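From first to last, the protein sequence lines stand for chains A and B.
Those letters in the first sequence? Residues 6 to 315, by the working numbering.
Those letters in the second sequence? Residues 6 to 315, by the working numbering.
There may be inaccurate statements among the hints.
A pair counts as met if it fits within one copy or between any two copies, since identical chains are not told apart.
In silico DSS-like cross-links for lysine-lysine, where the CA-CA straight-line distance does not exceed 30 Å [unchecked claim]:
no.	residue 1	residue 2
1	Lys-281	Lys-301
2	Lys-56	Lys-301
3	Lys-146	Lys-172
4	Lys-167	Lys-270
None of these hints come from the bench; they were simulated from the model.
Note that the structure is a prediction, hence the values are computed from the model and not measured.
2 protein chains.
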Amino acid sequence: MEFSVTILGTSSALPTLDRYPTAHALNVHERFFLIDCGEGTQAQLRRNHFKMVRINHIFITHLHGDHVFGIFGLLSTMNLLGRKSNLHIYGHRLLKSILDDHLKYFGQDFQYKIEFHEVAVKSKEIIYEDDSLLVEAFPLKHRVSCFGYLFRERAPHRNIHKWMIEKYKLSLAEVVRIRNGADLTLEDGEVIPNEVLTYIPYEPRSYAFCSDTAYSNRIHEYVKDVDLLYHEATFTEELKKMAAQTGHSTAKQAGKIARLANAKKLIVGHFSSRYKDYSVFLREAKEEFDNVELAKEGSTFSIELKRFKD
Amino acid sequence: MEFSVTILGTSSALPTLDRYPTAHALNVHERFFLIDCGEGTQAQLRRNHFKMVRINHIFITHLHGDHVFGIFGLLSTMNLLGRKSNLHIYGHRLLKSILDDHLKYFGQDFQYKIEFHEVAVKSKEIIYEDDSLLVEAFPLKHRVSCFGYLFRERAPHRNIHKWMIEKYKLSLAEVVRIRNGADLTLEDGEVIPNEVLTYIPYEPRSYAFCSDTAYSNRIHEYVKDVDLLYHEATFTEELKKMAAQTGHSTAKQAGKIARLANAKKLIVGHFSSRYKDYSVFLREAKEEFDNVELAKEGSTFSIELKRFKD
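Make a model of the complete structure from these sequences and hints.
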């Protein structure tokens, strides 16, 4: 029951020698999701042992090249690798035009179909769901339309406490009813609520991706109580003004969002290429939020499954 | 007086972990030219210490993704780096449509202009010239329109042999005339031809780029006597049939082209990702042509200037 994110790229617009532009790969129960797709993402997927054909959903935050220019090569490679199943791409409506234009030239021999899903949310909205995951999109504050994405594991079905079965000598029929959410009415008319009879076997996990964005006091509400928060930190406090002007955040602002959101852990990335020493990002984020790490190409952050005992 | 080529990428359509898709950077007298631009070319330029803003001419052979998908990121990065001067791009007419479509979305804030030059040659034609270089395009034999490019240093002005000046006691006026190409007429009417009075100070150098192409018995004429020939070798002899079917060559065929062309040196590249051991390419090419090397990311092949003594 994996729930992990692997950082494929962490640089901002100007790539450096050791950093790739933005892309994150998410593994939820061995289903694979890609968030953003900067140039070189297909090579980074390969380097980090992701099978490209197993990615069925790509979420693009916004239409700046460092978040999307890798999609052209990835789509072609998927075709060369024999992809047949539909690929779902989520993003701003213009991304559809861009892909349509592109595929006129380069998609003629594609053996698979691209299903485009326009993201146009003004607040937080569910844009994807399957039996184990919900994905919500929410607006960020950048120079162009930009969306954050929140990946939330679905709450599992509740289990009945074994000792409750014994205590009330439950029949099989009663067990089935309680599993489906019913309360238990005793012979004397007393009602035992379902929440008392049952427990959730594990806490559903969550991951939020917030890049690119200026500091916004709406973000922490969108990602409330998230387990793992990735928030961009293009600049340090010294260049706070430039951050605001260019629609980016400082590491300290990212830390503040994590603190206000009550996140369990923060990753910062999307560092400007002007920085050689990244330790200042860590130091400044920690002024607001202690459990923070720097994004690094190839790092995998796995969110542990917390099982509740019977 | 540099004349060198640096291999930025050598893989074919499916990139591998240690290989990039096709791109070569040419340095002719500290002017920089790019041939093809697969995904990751901008990172490879940086890694190999080329200044992106100093590249003014990009030659694209054909419109398969592994030869062109890196251009989108490169164009954006050039803009971010403050490029103001025009950039010249050469290629098939559809490349103009592709770039126009792309720049509608991603080129709105570009501070420089792209000048597109359509390549549509049926035989060998000069498509670019400056004071030190000529570039000729010629057709290759691939699944889509594809062009090879031949870079030829211009022949230098001829020098007068010092001993001729002494022998005929040439006046300054005569020296100037002879330098401009005149013959010398002696008092007794005898004519000493210009070629006897003068010599070329150095042999002009040349580099030819042939990828992607099936074996074609026209290519060796286009690149006759070239100093350095890059010819694709996607497959080994074992897969000769597949090479022909997919519009590619084997290493042995590349060797044959080099031999027939009387090339001085051959580089083979564009290896299919199915190969792990490349030594077989070298062995098979050598059956036809001895002075051959395998293309390797980051390798620079410098053609030495051969000066002729007075």
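**Prompt:** Out of the numbered hints, which ones does the structure contradict?
**Reply:** 3, 4
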